[in-house]
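Full structure from sequences and hints, please.
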Amino acid sequence: MMMEMMDSIDLENNKVTFKVLDGDLMKEYTHFLITLQVTSKEGHVGSVAHWHFKYVKNNKKVADPESLLQFAVEVSKTIDEHLFSRE
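Quick note: the sequence shown uses full-length UniProt numbering, first residue 1, plus one each step.
Some hints could be false.
As the list claims (entries may be wrong) - Ranges between beta-carbon positions, derived for each pair:
1. Asn59 x Asn13: 19 to 27 Å
2. Ser85 x Asn59: 37 to 45 Å
3. Val73 x Val45: 31 to 39 Å
4. Thr30 x His82: 27 to 35 Å
5. Phe84 x His52: 19 to 27 Å
6. Lys19 x Val62: 29 to 37 Å
7. Lys41 x Leu21: 29 to 37 Å
8. Lys15 x Lys61: 31 to 39 Å
9. Lys61 x Ser85: 40 to 48 Å
Claimed, not checked - BS3-like mimics (lysine-lysine), calculated; alpha carbons at most 30 Å apart, straight line:
10. Lys19 x Lys57
11. Lys27 x Lys60
12. Lys54 x Lys27
13. Lys41 x Lys60
14. Lys15 x Lys54
15. Lys19 x Lys54
16. Lys60 x Lys19
17. Lys77 x Lys54
18. Lys15 x Lys77
19. Lys41 x Lys77
20. Lys41 x Lys61
21. Lys27 x Lys15
22. Lys57 x Lys77
23. Lys77 x Lys19
24. Lys61 x Lys19
25. Lys19 x Lys41
Hint data in this document are derived by calculation from the structure and do not stem from the laboratory. All values reported here derive from a predicted model rather than from experimental measurement. Note that CB positions come from ideal geometry on N, CA and C, so glycine has one too.
Written as structure tokens, this is what we have:
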């Protein structure tokens, strides 16, 4: 579980950034930003979701947050399902 707040919204570039404030992640990282940017596929129908994780580890022993990759996949699928249900 994590608590985050929206840090910035860039409507022109279809980008939103969240700052993680509390939760399990903050036990291992002192700073954590999650950015999602959606871009159109050139020459194709649809879009591509680009996820960026910017973080500072508490110490060198802390692993990279690879488990968040699955989180990004699941959120992307949920957004995709929602958008297709509106068509």
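Now for the hints, and whether the structure bears them out:
At about 34 Å, the beta-carbon gap between Asn59 and Asn13 misses the expected band of 19 to 27 Å. Between Ser85 and Asn59 the Cβ separation comes to about 44 Å, which falls inside the hinted range of 37 to 45 Å. Taken as a hint, the range 31 to 39 Å is violated for the pair Val73 and Val45, whose Cβ atoms sit roughly 21 Å apart. As the Cβ distance of Thr30 to His82 is approximately 33 Å, the hint placing it in 27 to 35 Å holds.
For the hinted restraint 19 to 27 Å between Phe84 and His52, the CB-CB distance of approximately 24 Å keeps it satisfied. Checked against the hint of 29 to 37 Å, the C-beta distance between Lys19 and Val62 comes to roughly 19 Å, which is inconsistent with it. Roughly 34 Å separates the CB atoms of Lys41 and Leu21, a value that falls within the hinted 29 to 37 Å. Between Lys15 and Lys61 the CB atoms are about 32 Å apart, so this pair conforms to the stated range of 31 to 39 Å.
Taking 40 to 48 Å as the suggested C-beta distance range, the pair Lys61 and Ser85 conforms, at roughly 44 Å. For the given pair, Lys19 sits about 15 Å from Lys57 by alpha-carbon distance, which is consistent with the 30 Å threshold. Taken as a hint, the Lys27 and Lys60 pair is honoured in the structure, with Cα atoms around 14 Å apart against an allowance of 30 Å. Only pairs whose Cα atoms come within 30 Å are accepted, and Lys54 paired with Lys27 is accepted, the gap being roughly 16 Å.
The hinted pair formed by Lys41 and Lys60 fails the criterion: a straight-line CA distance of about 38 Å is larger than 30 Å. Between Lys15 and Lys54 the CA atoms are separated by roughly 15 Å; this keeps the pair inside 30 Å, and the hint holds. Between the alpha carbons of Lys19 and Lys54 the distance comes to roughly 10 Å, so the proposed pair stays at or under 30 Å and holds. Proposed proximity of Lys60 and Lys19 is supported: the alpha carbons are some 22 Å apart, at most 30 Å.
Proposed proximity of Lys77 and Lys54 is supported: the alpha carbons are some 22 Å apart, at most 30 Å. The hinted pair formed by Lys15 and Lys77 meets the criterion: a straight-line CA distance of about 17 Å does not exceed 30 Å. Of the pairs offered as hints, the one joining Lys41 and Lys77 holds, with about 17 Å between alpha carbons and a cut-off of 30 Å not exceeded. This hinted pair does not check out: Lys41 and Lys61 have alpha carbons roughly 38 Å apart, beyond 30 Å.
Taking the CA atoms of Lys27 and Lys15, the gap is about 27 Å. The hint holds against a cut of 30 Å. For the suggested pair Lys57 and Lys77, the alpha carbons sit about 28 Å apart, so the restraint of at most 30 Å is met. Between Lys77 and Lys19 the alpha-carbon distance is near 22 Å, which keeps this suggested pair within the 30 Å criterion. For the proposed pair Lys61 and Lys19, the alpha carbon gap of about 23 Å is at most 30 Å, so the pair holds.
Restraint check: the Cα-Cα separation between Lys19 and Lys41 comes to about 27 Å, which is no more than 30 Å; the hinted pair holds.
Of the numbered hints stated above, those contradicted by the structure are hints 1, 3, 6, 13 and 20, listed in ascending order.
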